[in-house]
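K.L.:
Below, each chain spelled out in residue letters.
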Amino acid sequence: MRAALALLLLAPPAAAQDDRRTGYDDMTPELQAMQDDPVGNPGLFWVLDGEAMYSAAPDTGAESCAGCHGDGETAMSGVAARYPAWDEALDRPVDLAGRIDLCRVRHQGLPPLERESDALLSLTAYVTNQSRGLPIAPDPDPRLDGWREQGEDLFTTRMGQLNLSCAQCHDDLAGGHLAAALIPQGHPTGYPLYRLEWETMGSLDRRFGNCMFGVRAEPFGAGSAEYVALELYLKARAAGLAIEAPAIRP
Amino acid sequence: MPRSRMSRSASLALALWAGAASGQGLPEPLTDVPGDPAAGREVVVTRERGLCILCHAGPFPEVPFTGDLAPDLTGVGARLTVPELRQRMVDSRVVNPATIMPPYHATDGLARVGERWQGTTILTAQEVEDVVAYLATLTEDGT
Numbered sequence: 001m002r003a004a005l006a007l008l009l010l011a012p013p014a015a016a017q018d019d020r021r022t023g024y025d026d027m028t029p030e031l032q033a034m035q036d037d038p039v040g041n042p043g044l045f046w047v048l049d050g051e052a053m054y055s056a057a058p059d060t061g062a063e064s065c066a067g068c069h070g071d072g073e074t075a076m077s078g079v080a081a082r083y084p085a086w087d088e089a090l091d092r093p094v095d096l097a098g099r100i101d102l103c104r105v106r107h108q109g110l111p112p113l114e115r116e117s118d119a120l121l122s123l124t125a126y127v128t129n130q131s132r133g134l135p136i137a138p139d140p141d142p143r144l145d146g147w148r149e150q151g152e153d154l155f156t157t158r159m160g161q162l163n164l165s166c167a168q169c170h171d172d173l174a175g176g177h178l179a180a181a182l183i184p185q186g187h188p189t190g191y192p193l194y195r196l197e198w199e200t201m202g203s204l205d206r207r208f209g210n211c212m213f214g215v216r217a218e219p220f221g222a223g224s225a226e227y228v229a230l231e232l233y234l235k236a237r238a239a240g241l242a243i244e245a246p247a248i249r250p
Numbered sequence: 001m002p003r004s005r006m007s008r009s010a011s012l013a014l015a016l017w018a019g020a021a022s023g024q025g026l027p028e029p030l031t032d033v034p035g036d037p038a039a040g041r042e043v044v045v046t047r048e049r050g051l052c053i054l055c056h057a058g059p060f061p062e063v064p065f066t067g068d069l070a071p072d073l074t075g076v077g078a079r080l081t082v083p084e085l086r087q088r089m090v091d092s093r094v095v096n097p098a099t100i101m102p103p104y105h106a107t108d109g110l111a112r113v114g115e116r117w118q119g120t121t122i123l124t125a126q127e128v129e130d131v132v133a134y135l136a137t138l139t140e141d142g143t
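Top to bottom, those sequences are chains E and V. The first sequence begins at 1 in my numbering and counts up by one. The second sequence begins at 1 in my numbering and counts up by one.
Calculated directly from the structure, the hints in this document are not laboratory data. Glycine included, each C-beta is placed from N, C-alpha and C at the ideal position. Just to be clear, a hint being listed does not mean it is correct.
[Stated by the list, open to error] One-sided excerpt, in silico: chain V residues whose CB lies under 10 angstroms from chain E:
#1 V33
#2 R47
#3 F65
#4 D68
#5 T74
#6 V76
#7 A78
#8 V82
#9 R93
#10 P102
#11 E115
[Claimed, not checked] So the derived label-pair ranges between C-beta atoms look like this:
#12 E/H107 with V/E42: 24 to 34 angstroms
#13 V/G119 with E/V105: 51 to 61 angstroms
#14 V/P64 with E/F45: 25 to 35 angstroms
#15 E/A179 with V/E140: 22 to 32 angstroms
#16 V/D141 with E/E149: 23 to 33 angstroms
#17 E/G175 with V/E140: 26 to 36 angstroms
[As the list claims (entries may be wrong)] Only part of the chain V face toward chain E is listed, based on derived beta-carbon distances under 7 angstroms:
#18 F60
#19 G67
#20 L80
#21 R112
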């Protein structure tokens, strides 16, 4: 598995022999059309809010995001496709929402936004939307390797009262049905995404929490080291698949 | 970061040890009150209680969606004895260490159990007896 992971990072499998499927591939044509609709996708409300926040100067007198980075459509293109990435000051990797919060605190004199707040989801959705259609391209920084391995360990460790690992469902049983629910391969291509069941936008960490709660395990915290490690592993596992955020899921 | 290597190998060792005795299953009932098949059927078909239908189909036409991750329970009472059924309900890991079937009445070797479920089992001893009594009635081959 370790060797397979290294291989994946170096050379994403050619499309022809790739049996990876995203949640999008498994959706009904109606839901796919809703996701593809350039005005009807409900996730775009968050993207639009995020765009406004990206260019608004904070009342601290500091620059807006655009003031430092420039036009989002060019400056933010490809960023979400390579995150999580290393933060020198924290000496650990951070996910995209974590990076946005660090910028607010360090460069804008603003308090961090709460995880799962509409504001942080909006900024994250706006930045991620600038990578829509781009292949996931994990950061090759070797300091991330150990974190990916920890993510893989978490993914393959049985947990909770039901004693199931992520891998048992998403590697071994993907394509099967848990009652009526089709078990997806669990690729993180669409986050943050609009889930009909949630009736709102949600982060990948919220999804992790749902799955852990499902097996009656104690979820890790949003933005925790464990979730960043899991995301690093899942992004390597999904290397080469296109970012599709903001996705729709039933 | 939590590692459950220890508990994984510990539970494997336990499973191997217990596996030697698993031919007989668990002949001793868990309670003094004999299992009630009707109550057991209720547990099995009520998704939030037994969780069984997440994985198993069976002779319960009123359940609209059953999972397809495990053997159909139709006729299982003819395939397995009561002690064998009880063993699979209490802890299927004893029979198959790689099983995905949750341990319904065991708490050993589990990692990161959510706070609200700690120290509890999925089913009570009496519920296990009820489910076993119900499964034992499933002797028709369903065809």
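K.L.:
Take the hints in turn and mark each one as holding or not.
P.N.:
Here is how each hint holds up against the structure:
1. V33: violated, 25 angstroms
2. R47: holds, 7 angstroms
3. F65: holds, 4 angstroms
4. D68: holds, 5 angstroms
5. T74: violated, 18 angstroms
6. V76: violated, 19 angstroms
7. A78: violated, 26 angstroms
8. V82: violated, 24 angstroms
9. R93: holds, 8 angstroms
10. P102: Cβ of V/P102 sits 4 angstroms from chain E, so the hint holds.
11. E115: holds, 6 angstroms
12. E/H107 with V/E42: 24 to 34 angstroms: violated, 59 angstroms
13. V/G119 with E/V105: 51 to 61 angstroms: violated, 40 angstroms
14. V/P64 with E/F45: 25 to 35 angstroms: holds, 34 angstroms
15. E/A179 with V/E140: 22 to 32 angstroms: For V/E140 against E/A179, whose Cβ atoms are near 24 angstroms apart, the range 22 to 32 angstroms holds.
16. V/D141 with E/E149: 23 to 33 angstroms: violated, 48 angstroms
17. E/G175 with V/E140: 26 to 36 angstroms: holds, 30 angstroms
18. F60: Result: violated, 13 angstroms to nearest chain E Cβ.
19. G67: holds, 5 angstroms
20. L80: Since the shortest Cβ distance to chain E is 21 angstroms, the answer is violated.
21. R112: Interface hint status for V/R112: holds (5 angstroms vs cutoff 7 angstroms).
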